[in-house]
Structures are given as C-alpha cells and as structure tokens.
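S.K.: Each residue of the sequence shown is one higher than the last, beginning at 112 in our numbering.
Hint data in this document are derived by calculation from the structure and do not stem from the laboratory.
Check each hint, because a few of them may be wrong.
[Stated by the list, open to error] Here are the in silico distance ranges between beta carbons for each label pair:
| no. | residue 1 | residue 2 | range |
| --- | --- | --- | --- |
| 1 | F216 | D170 | 13 to 23 angstroms |
| 2 | K187 | K155 | 13 to 23 angstroms |
| 3 | R143 | Q123 | 30 to 40 angstroms |
| 4 | T166 | T214 | 14 to 24 angstroms |
Computed from a predicted model, the values in this text were never measured in an experiment.
Built from N, CA and C at the ideal position, the CB exists for glycine as well.
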Amino acid sequence: VQLQASGGCLVQVGGSMSLSCQASGRTLLYGRHPLAWYRQAPGKQRELVADISNTGFADYADSVKGRFTISRDNAKNTHYLQMNDLKPEDTAVYYCKLQYYRTPFWGRGTLVTVSS
112 VQLQASGGCL VQVGGSMSLS CQASGRTLLY GRHPLAWYRQ APGKQRELVA DISNTGFADY
172 ADSVKGRFTI SRDNAKNTHY LQMNDLKPED TAVYYCKLQY YRTPFWGRGT LVTVSS
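Whole structure, please, built from the sequences with the hints as guidance.
M.R.: See below:
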C-alpha cells in the first residue's frame, strides 16, 4: 500500500486549507480500512488529529474539534482533512495513515505552516 499526501502550504491565521491522501495498491479494498491524519510539530511527538472508520464514523482531537473535518471518498481511494480557522499551533507536518488490518501504512507527510 502506498499513500500520497498533498495540500500542505503556508496560510495565515484564521485561514483554511484542505489536505488529501490518495492510496494505491494492487489488492487494496480501500473501503474496508480505517483512515487517519496525524501531525508532528517541531520538537513534539506525533499526535492523532482525526480518524474515520470504514463506516464513516469520525473522531477528533479536542484541539481541532469544530475546526477540522475528516472525510473519505472510497471511489477515489482518497481521504481528506478540511482545516478551518487555522491557528499557529496547527503548524506541523501532517501525515496520513491507512490501517491495513494490523499494519499501519503512512504517507510521507506534508508541511502545514500557519503564519501570524
């Protein structure tokens, strides 16, 4: 399984941005697998931002609730993270993840910088 994340860039405080992550793999049945977005800020550990189950149930870190939305499009093998009202503390490298049964697969990461 390969994951390709995109969409990271520089944005001002209060702005919006959308990340996407497309999966590929010969035997991948995309709709079966939970998906997630994590982030890692400089000097900090990687943390879970949001995840979405194979049935579409979404959950969020308290720090992003009400501002971020995770979604998935199984027909496109892609999941998304819509980020609104961005804050400087949202600055981080964002990683997408697909949980393939007991094995996690990660995208390479995309940098989101929120400038004040």
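S.K.: Now tell me, hint by hint, if it's right for this structure.
M.R.: Quick rundown of the hints versus the structure:
no., hint, result
1, F216 x D170: 13 to 23 angstroms, "holds, 20 angstroms"
2, K187 x K155: 13 to 23 angstroms, "violated, 31 angstroms"
3, R143 x Q123: 30 to 40 angstroms, "holds, 39 angstroms"
4, T166 x T214: 14 to 24 angstroms, "holds, 20 angstroms"
In terms of the numbered hints stated before, the structure departs from hint 2 and from no other.
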